[in-house]
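*Asks:* If you want the building blocks of each chain, they are given just below.
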Amino acid sequence: MARKITYQQAINEALDQEMSRDQNVIVMGEDVAGGEGSPGEQDAWGGVLGVTRGLYHKHPGRVIDTPISESGYVGAAIGAACVGMRPVAELMFVDFLGVCFDQIFNQAAKFRYMFGGKSETPVVIRAMYGAGFRAAAQHSQCLYNIFTHIPGLKVVVPSNPYDAKGLLIQSIRDNDPVIFLEHKALYTMEGDVPEESYAIPFGEAAVVREGHDVTIVAIGRMVQKAQEAAAELQKQGIHCEIIDPRTTSPLDTDTILESVEKTGRLVVVDESHPRCSMASDIAGLAAERVFGSLKAPIRQVTGFHSPVPFSDTLEELYIPSAAKIIAAVQSTKEYK
Amino acid sequence: MTKTLTREDLLKAYRTMRTIREFEERLHTDFATGEIPGFVHLYAGEEASATGVCMNLTADDHIASTHRGHGHCIAKGVDPVGMMAEIWGKKTGTCKGKGGSMHIADLSVGMLGANGIVGGGGPLVCGTALAAKLRNQPFVSVCFFGDGASNQGTIFEAMNLASVWNLPVIFLAENNGYAEATSSKFSVACDNIADRASAFGMPGITVDGFDFFAVYEAAGAAIDRARKGGGPSLVEVKLSRYYGHFEGDQQTYRAPGEVQAIRDTKDCLLQFARRVTSSGEITQAELDAIDADVKALIDGSVVKAKSDPKPTEADLLTDVYVSY
Ligand SMILES: Cc1ncc(C[n+]2csc(CCOP(=O)(O)OP(=O)(O)O)c2C)c(N)n1
Ligand SMILES: [Mg+2]
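Sequence lines, in order, name chains A and B.
The opening residue of the first sequence carries number 6 in this note's numbering; numbering runs sequentially from there.
The opening residue of the second sequence carries number 8 in this note's numbering; numbering runs sequentially from there.
These are calculated hints, taken from the structure and not from any lab test.
Beta carbons are placed, not taken as given, at the ideal position from N, Cα and C, and that holds for glycine.
Incorrect hints may have been included.
Restraint-style ranges between C-beta atoms, simulated for each label pair [as the list claims (entries may be wrong)]: (1) 41(B) x 47(A): 27 to 35 angstroms; (2) 321(B) x 332(A): 17 to 25 angstroms; (3) 124(A) x 262(B): 44 to 52 angstroms; (4) 235(B) x 125(A): 52 to 60 angstroms; (5) 235(B) x 156(A): 35 to 43 angstroms; (6) 336(A) x 196(B): 58 to 66 angstroms; (7) 122(A) x 41(B): 48 to 56 angstroms; (8) 293(A) x 326(B): 29 to 37 angstroms; (9) 336(A) x 41(B): 52 to 60 angstroms.
Listed next, the in silico DSBU-like pairs over lysine-lysine satisfying Cα-Cα at most 35 angstroms (straight line) [claimed, not checked]: (10) 329(A) x 192(B); (11) 273(B) x 192(B); (12) 192(B) x 63(A); (13) 273(B) x 19(B); (14) 329(A) x 98(B); (15) 317(B) x 329(A).
Construct the complete structure from the given sequences, taking the supplied hints into account.
*Replies:* Structure follows, in structure tokens:
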């Protein structure tokens, strides 16, 4: 039965259900419980924003707090995965991947191929990403494009509670390393989520809205902004089709390209910096494969080629807005 | 050895500690109104550490700080008025409102920056110290880091590097007992962080971080040694943070009354005032005058920060090489 819960609760529920189903599933990270060794409450935090709260008492011994040693514990999660555990390591902010990048992209990502298919690494690395919290340059990046670039990693960017639960369950059951990225501005978003367990396969985009004029591909939180824009554009008689890839690796190119063939126009919305981004990647794919269907130049709506600024006025300018998406869509319609 | 403190030094130390306290207490109050954006980590309770260390430094020496950086900034000579504006996200801030609380930096006074990445500062001070060494300059570099950060690979690597290159670096571990909600009793595998020094071939010492004089002496000896080419040291100060990890933290992991007991008995300002007044070096009236001065300074900084302009669109793409 479906009922309304938040994105944050959906993630907690997915972890809880998978931990109950499979004793090999463990959760580790800094303050995923909190209170370790302290005189007060245990499970004092349940993650910095409370996402893993309650799991510590429900699954004794399997919610493991770590010292601040990302290379150490992320690497340990990867090692445990090599011998059949299914660890979910939490990196808190995706920006901290900088500290443990080697373990992820030289170790976990490479094993299966480099060892000639002799090993599997069913590890999940969860982290929050994105701007909007006035958290400044070292706590606001997106970085899914960096992981997407690395063969061997799967990259998941759920845009709503339903997808968050189903994709996290799939991530835990998947036998490859998965980077699971949660936009911090989505944690309070509510949506219909079934109580029972379900997995959403990777590489299947969702057509969030159907339309015949312009295709908008939007990543993560940008799906919401695209929906705002599409509702407004509808009033102007412009019918947008919104596609949420849900996983950037694997990427469902078929759904994206079929839509572009139908509409002839493409706008890609990506919160990250513009260079070597998902926006430029998807634009490149469309330009190469469905060039003949395009009626207008492809437009990319992205953040800027600058670190994420602190001050609210600058950060709001930095984040792609519905207004910018509307302008981009209009420009593809007006193109002659 | 460490130079003896003059009356002026004592007044300066008290003023610095009081400025940090007032700055942080004010932020604590103002944060509760919801007007201050972002994450704010307060240094209240730890003033003797930054002050005791930085009283031994000049503007040519460098420090690297942490997410809990306001105290280090003030003690190293960063202007509190600019800092307040920065925290409020204003164009007049130390970093033009682009960095915020976690990224206040001022290279002109040797402050390499607060840091949003735990353990980020260790390697950086090896670089500033290497530069001083190669240029034959008598400058030292201090890396402040927490008990949590002490478990980060960057800190271990930096300690080893500083030792093998014989660099003028002081690793200043501020052990306040917690990293977020995790106790150092759990996260640090040895009894004292300073015990790790011997593994890196450097001296290590643990001191009472509520006692300005103890910090001043211990840090002074390490700094003196580094300046003379004696190489790096690890100094651990044990102290406590008076507020949550960040503003908004409910702190249920702490024991009830834990902070109050410390405030009542060990507070660094209380201890300092008691010692210098009972020795007759400074009068209570002099301390009161400093308190009033500092309060006016911080009040003024808030009034200014509130009315200062925010950065605008024209500022978005300055200070970055944009080719796109
Ligand atoms: C690389 C990295 N990991 C984790 C964090 C999140 N984080 C910020 S402060 C902090 C605790 C730091 O504890 P400690 O070093 O003891 O400093 P304190 O907060 O006590 O001053 C953590 C885990 C971070 N900012 N950077
Ligand atoms: Mg600490």
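*Asks:* Of the hints given before, which are not true for this structure?
*Replies:* 5, 9 and 10
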